[in-house]
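J.: Based on these hints, arrange chain B on the given structure of chain A.
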Amino acid sequence: MVEPLFSVRGLKVALPDMTRKPLIGRAPLAEILKGFDFDLPKGSVTGIVGESGSGKSTLGRALVRLLEPSAGSIGFDGRDITHLPEAELRPLRRNLQMIFQDPMSSLNPRRTIASIIAAPLKQNGLGDNLKARVAEALQRVGLPQSFAGRYRHELSGGQRQRVGIARALALSPKFVLADEIVSGLDVSTQAQILTLLEKLAADMGLTVAFISHDLSVIRRLCRQVIVMREGMIVEASATDALFDNPRQAYTRDLIGAIPLPEIDAGWLDIPAAAKAPT
Amino acid sequence: MSACLDIANLSAVLPNGQRVLRSVSLAVQPGEVRALVGESGAGKTMIGKAVLGVLPSSVRLVEGDMLLEGEDLGRLQPKARRTLIGARTALIPQDPLTALNPSRRIGPQMTDRLVRILGWSGEKADRRTRQLLDEVQIRDPERVLKSYPHELSGGMRQRVLIAAAFAAEPRLIVADEPTTALDVTVQKQILRLIAALQREHGTAILFVTHDLGVVAKISQKVSVLYAGKVVEEADTAALFAAPQHAYTRALMAATPRYTDPFASLKPVDGAVLAGLAAEIAAADLAWRRPHG
Chain A
1 MVEPLFSVRG
11 LKVALPDMTR
21 KPLIGRAPLA
31 EILKGFDFDL
41 PKGSVTGIVG
51 ESGSGKSTLG
61 RALVRLLEPS
71 AGSIGFDGRD
81 ITHLPEAELR
91 PLRRNLQMIF
101 QDPMSSLNPR
111 RTIASIIAAP
121 LKQNGLGDNL
131 KARVAEALQR
141 VGLPQSFAGR
151 YRHELSGGQR
161 QRVGIARALA
171 LSPKFVLADE
181 IVSGLDVSTQ
191 AQILTLLEKL
201 AADMGLTVAF
211 ISHDLSVIRR
221 LCRQVIVMRE
231 GMIVEASATD
241 ALFDNPRQAY
251 TRDLIGAIPL
261 PEIDAGWLDI
271 PAAAKAPT
Chain B
1 MSACLDIANL
11 SAVLPNGQRV
21 LRSVSLAVQP
31 GEVRALVGES
41 GAGKTMIGKA
51 VLGVLPSSVR
61 LVEGDMLLEG
71 EDLGRLQPKA
81 RRTLIGARTA
91 LIPQDPLTAL
101 NPSRRIGPQM
111 TDRLVRILGW
121 SGEKADRRTR
131 QLLDEVQIRD
141 PERVLKSYPH
151 ELSGGMRQRV
161 LIAAAFAAEP
171 RLIVADEPTT
181 ALDVTVQKQI
191 LRLIAALQRE
201 HGTAILFVTH
211 DLGVVAKISQ
221 KVSVLYAGKV
231 VEEADTAALF
241 AAPQHAYTRA
251 LMAATPRYTD
261 PFASLKPVDG
271 AVLAGLAAEI
281 AAADLAWRRP
291 HG
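Those sequence lines, one after another, are chains A and B. The opening residue of the first sequence carries number 1 in the working numbering; numbering runs sequentially from there. The opening residue of the second sequence carries number 1 in the working numbering; numbering runs sequentially from there.
Calculated from the structure, these hints are not laboratory results. Be careful, since some hints might not be right.
Unchecked claim - In silico contact screen, one side only, chain A against chain B (beta carbon under 8 Å); selected entries: (1) A191; (2) D214; (3) R219; (4) L260.
Glycine included, C-beta positions come from ideal geometry on N, C-alpha and C.
Chain A extracted, bound-state conformation:
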């Protein structure tokens, strides 16, 4: 058994529900995560899958402590980080990195690619030898050195996402949260980015939480999967077991709803079972 990097127990997160906010006064809290128990094993990629509103992004944000849990505990690398104040979190942040969904909005338009990648290095006291470190980060993600002086708008979507990965990995973190990092990309670019992340995660021994709505992608990339629905874990197991033998009806529905790129004349027919539930 691999030692877990993250140990999550009874995790609950409540956020203000702005749709029910009175005109004057505070919005009532809505519980987004309703009690999570799981471990993220060291050095492997764990998929977190669910439909919109299932709370998968909230879970990710709680892991990297962009959100403070309302109950339960998060253990990271043997340390309880559940309620650590920001000042004490800061030294840990270099090991808690994120790759975002939309690099267009997560890369500063007024900074060069080099300065974007250098920012986390400087903040973590690795400001010496910056040029070489940036060059290494670019090379790692397969971008030419000439990109160092460019700006975000001069790059294609796939190149931008490579910059996002380069920035997250510049500090050689222990943990990377990848939240829907390919959902804005074309399939051909998506394949490049995912194979890159797969290779880097293996080479660097990264622990990755890979949030996605796409089970096909998860099967390729992840060793284990957490299926979420409405703030709860539906099923968590090893990837192959989940696909070969899903235990929950919801998991089966999710898998069955994926349109595979192959002809299947009966796919759009309404199954007899759905018409007359037994």
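T.: For chain B alone, kept in the frame of chain A given last:
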């Protein structure tokens, strides 16, 4: 039998002279679903907009013909063209939230179009709207008709727009990535719904998508686009059995499949892209010549 939609040699340019559609030809037969598949920038949405006559003003059609049920759209006066397009076609858009007016209730939004464009009586439009809401399996039409768009879920909003699209009995529907913003389980329901209504009403659909999985399930014919050029056209079954163009094969290999995780998700080979670039360049060279 004449085609429901017949596009021949359609080319469009931007003000800087760059071609965004490159001699596109395709036909949609009555009652048929034709998928237009390609990556971003391939021009698939542009074709849909050209058909509906809603191209952005910066895009100029410079050659080619579009025939809607045999009527040449290019030869009609603008007003006659709009009337014809309004009566015979409809759109199912990608994002139902921006397609619906946020400050009006669903009911009047759905009936207005029938009254204003088709000249139906309010009563007839209302009856028709309720009938269609029933067909898209909305169980409580009263509530939905009185709702504002933000009060409905994404799937419900898309159902409303599908109902609105079919309500006027169009001959052709342009469906522009209608399920891209939806969760997979909702996507499956919506695709089922579109397929069922399409069969029942005998409507032809030009189905724009980037997802080969959706193409395989919903369409009978498919055109694969790259940089505004149709690189392959085939029966859907034939395309998936034996893709002819290297780009089509590359797209298929790049599409992830949970049934075969390690044979899929293959990055597109540089040679394929180089071949495409050469093909596009050659097509442009050949095209410029007659025009000086």
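J.: Each of the hints needs a verdict: does it hold here or not?
T.: Do the hints match the structure? See the list:
1. A191: holds, 4 Å
2. D214: Given a least distance of 7 Å, the restraint on A:D214 holds.
3. R219: Constraint on A:R219 satisfied, holds at 4 Å.
4. L260: Nearest chain B Cβ about 6 Å off; hint holds.
Taken one by one, the earlier hints all hold for this structure without exception.
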